[in-house]
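Construct the complete structure from the given sequences, taking the supplied hints into account.
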Amino acid sequence: MVRRGIVLSLLAGLAVLALVGLPFVGMERIPLASLWRQGHPVDVAILWKHRLPRVIMAFLAGSGLAAGGLAFQAVFRNPLAEPFTLGVASGAALGAVVYIHLKLPFSLLWISGVSWFAFAGALLAVTLVYGLTRSRQGFSTATMLLAGVAVSFCFSSLILLIQYLSDFTQSFIILRWVMGGLNSVVGFGEVLTVLPLVAIGTILVLYLTHELNLLILGEELAISRGVALNRTKAIVFVAVSLMVGGIVAVCGPIGFVGLVVPHICRLMVGPDHRFLTPATLLCGAILLSLCDALARTIMAPAEMPVGILTSLLGGPFFLWLLVRQGPSGEAVI
Amino acid sequence: MPGSVEELEWLKEKRRGPRNLWDAQAGATQPLPITAQAMHSPSPETVLDVRNYSFRLGGKEILRDVSFSVQRGEYLSIVGPNGAGKTTLLKCIDRLLVGGVGRIEVFGRPLESYRQKDLARRISYVPQADGRVIPFTVRQFVLMGRYPYLNPFSSVDREGRQAAEEALLMTGVAEFAERRLDTLSGGERQKVYIAAALAQGADIMLLDEPTTFLDYRRQAEIRDLLSRINQQGGTTIVCVTHDLNRAALDSDRIVALCEGRVAFVGSPAEIMTPDALERLFHTPFLLTSHPQAAIPVIVPGPPPPAR
Numbered sequence: 001m002v003r004r005g006i007v008l009s010l011l012a013g014l015a016v017l018a019l020v021g022l023p024f025v026g027m028e029r030i031p032l033a034s035l036w037r038q039g040h041p042v043d044v045a046i047l048w049k050h051r052l053p054r055v056i057m058a059f060l061a062g063s064g065l066a067a068g069g070l071a072f073q074a075v076f077r078n079p080l081a082e083p084f085t086l087g088v089a090s091g092a093a094l095g096a097v098v099y100i101h102l103k104l105p106f107s108l109l110w111i112s113g114v115s116w117f118a119f120a121g122a123l124l125a126v127t128l129v130y131g132l133t134r135s136r137q138g139f140s141t142a143t144m145l146l147a148g149v150a151v152s153f154c155f156s157s158l159i160l161l162i163q164y165l166s167d168f169t170q171s172f173i174i175l176r177w178v179m180g181g182l183n184s185v186v187g188f189g190e191v192l193t194v195l196p197l198v199a200i201g202t203i204l205v206l207y208l209t210h211e212l213n214l215l216i217l218g219e220e221l222a223i224s225r226g227v228a229l230n231r232t233k234a235i236v237f238v239a240v241s242l243m244v245g246g247i248v249a250v251c252g253p254i255g256f257v258g259l260v261v262p263h264i265c266r267l268m269v270g271p272d273h274r275f276l277t278p279a280t281l282l283c284g285a286i287l288l289s290l291c292d293a294l295a296r297t298i299m300a301p302a303e304m305p306v307g308i309l310t311s312l313l314g315g316p317f318f319l320w321l322l323v324r325q326g327p328s329g330e331a332v333i
Numbered sequence: 001m002p003g004s005v006e007e008l009e010w011l012k013e014k015r016r017g018p019r020n021l022w023d024a025q026a027g028a029t030q031p032l033p034i035t036a037q038a039m040h041s042p043s044p045e046t047v048l049d050v051r052n053y054s055f056r057l058g059g060k061e062i063l064r065d066v067s068f069s070v071q072r073g074e075y076l077s078i079v080g081p082n083g084a085g086k087t088t089l090l091k092c093i094d095r096l097l098v099g100g101v102g103r104i105e106v107f108g109r110p111l112e113s114y115r116q117k118d119l120a121r122r123i124s125y126v127p128q129a130d131g132r133v134i135p136f137t138v139r140q141f142v143l144m145g146r147y148p149y150l151n152p153f154s155s156v157d158r159e160g161r162q163a164a165e166e167a168l169l170m171t172g173v174a175e176f177a178e179r180r181l182d183t184l185s186g187g188e189r190q191k192v193y194i195a196a197a198l199a200q201g202a203d204i205m206l207l208d209e210p211t212t213f214l215d216y217r218r219q220a221e222i223r224d225l226l227s228r229i230n231q232q233g234g235t236t237i238v239c240v241t242h243d244l245n246r247a248a249l250d251s252d253r254i255v256a257l258c259e260g261r262v263a264f265v266g267s268p269a270e271i272m273t274p275d276a277l278e279r280l281f282h283t284p285f286l287l288t289s290h291p292q293a294a295i296p297v298i299v300p301g302p303p304p305p306a307r
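First to last, the sequence lines map onto chains D and P. Under our numbering, think of the first position of the first sequence as 1, with each following residue one higher. Under our numbering, think of the first position of the second sequence as 1, with each following residue one higher.
For the record, the hints were derived by calculation from the structure and aren't laboratory data. Keep in mind it's a predicted model, so treat the numbers as computed, not measured. Do not rely on the hints blindly, as some may be mistaken.
[Stated by the list, open to error] Derived pair list, reagent style BS3-like, types lysine-lysine, alpha-carbon separation capped at 27 Å:
#: 1; chain 1: D; residue 1: 49; chain 2: P; residue 2: 60
#: 2; chain 1: P; residue 1: 91; chain 2: P; residue 2: 60
#: 3; chain 1: P; residue 1: 60; chain 2: D; residue 2: 103
#: 4; chain 1: P; residue 1: 91; chain 2: P; residue 2: 117
Below, the structure written as structure tokens:
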């Protein structure tokens, strides 16, 4: 208990440090006074219009994707489950690409239409994967991953088709967006679009702390302890789709954050979601903001899409998990 | 006379083959005795009432028109051959499987009218202890049994912690409470599952073959534990088992299932006859008097005839 408290405090401290420090990391050196809107107007603009919104967006995206992975791993009782591997991110991407292609300018509840389309795509993907998994007896790891891969391929093909049918400029925008990145974030407009979706999703995942703990034991034990299984799953699917839809609509599909972060946190604080969920939220925020800082400095003055960096990090981790998983496919979560 | 020399000879004769005119298949078609009183007798003390319940899975009828009731504080065993529908019945009672036709009432209320948490306060379920990976410690796992009493964003209260500690002590698992569940042996794990069900504080405990795959010592420990839970704690026990001797010695009543139907409901003494058991399992049985109890028990058949 004490150890977990210390780890959580350290993560909170690191998160504050990242939030305050990372906006000052970049090709252009920004004086501290710019934080109080003093000094050169260009420095103030870089800090307040570019770097700060971008770091906050990285926090939101990192937390949301990591929380999504955490919730999926518990619900599917599978260490490889996350929005990316289950095709949910592809679903959200397809929704967003359809919106971009159709050029539908609308918004609902102050949230852009692209976010709602991405949300719908994500929900469609998770429903498809879950439906395919449930239609076969056993609910095995292999079935779930195959269903995720199949849905992901289908949606990726549809994205390619839309890209093929688009003109050159639109096609390039889609391609660049699919790589995933935070460089499109300018000002706090996008942050305010993503914030309510990630906040609602996070609250819902925190609300289900006890249920997620019990779902790790298996569905039968969870039900016999009193978990309303269908309701819990519906809440998780909606929560993750909201978060992933909102994040993907702005940042594109950023892979593997949802896979890597929950496992790192399990090693640090154990499997109890009362500690694991806050640790995952904090760690996701720290990891993605650090990756983004690296992505915008490693090839300066050019910028590497952060999605490439997270995938480079997550790919080997995914392989390690596959090897670590027993021959029976028994989950190690 | 069960276990007599005559019966032994008769059994030997039967094992030799077709020379015997006795026909097990023909015998099996005759229904086993089910007394009207035992079949269905809801009373003010009835805690569980299953009435004309049928359940299909994948197009196959697993349970057919099952009816029986359980009284408060009773120890009821469900026996029957493999594939008879015993585990399915248990899962239907705890709503782990849904979609059956008929009626199940728990404390006089239809099963479907319960919220899942309210049902968990009435019924706990102990599955067979398998080798699945469970990353929690024994204490964490047992505390999770208090879920029906928790609100979102809350922790287990003092009363819940006390209930969990008592369950740990009663089941004898307190000494390894900080060990991870997947590092325990089958017997230890089974006790932890029972401890978590105890911490749940439900009135009825359903158990699915709690002693299967355990050695004699662990079987005896689990058996003693269940007796104490039933007699001292007053918990009603419904236990699926393949061990007919234990079912006969430990239970107040026995329900026997065969091909999804109730083949027998009654006292252990009524079912523990060679004839009744043979009709149920389609194989001959040899019984003898228990030296300390007034109930016949099954003894292994004789060795094969010398070549």
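Now the hints, each set against the structure:
{"no.": "1", "hint": "D:49 to P:60", "verdict": "65 Å, violated"}
{"no.": "2", "hint": "P:91 to P:60", "verdict": "16 Å, holds"}
{"no.": "3", "hint": "P:60 to D:103", "verdict": "52 Å, violated"}
{"no.": "4", "hint": "P:91 to P:117", "verdict": "16 Å, holds"}
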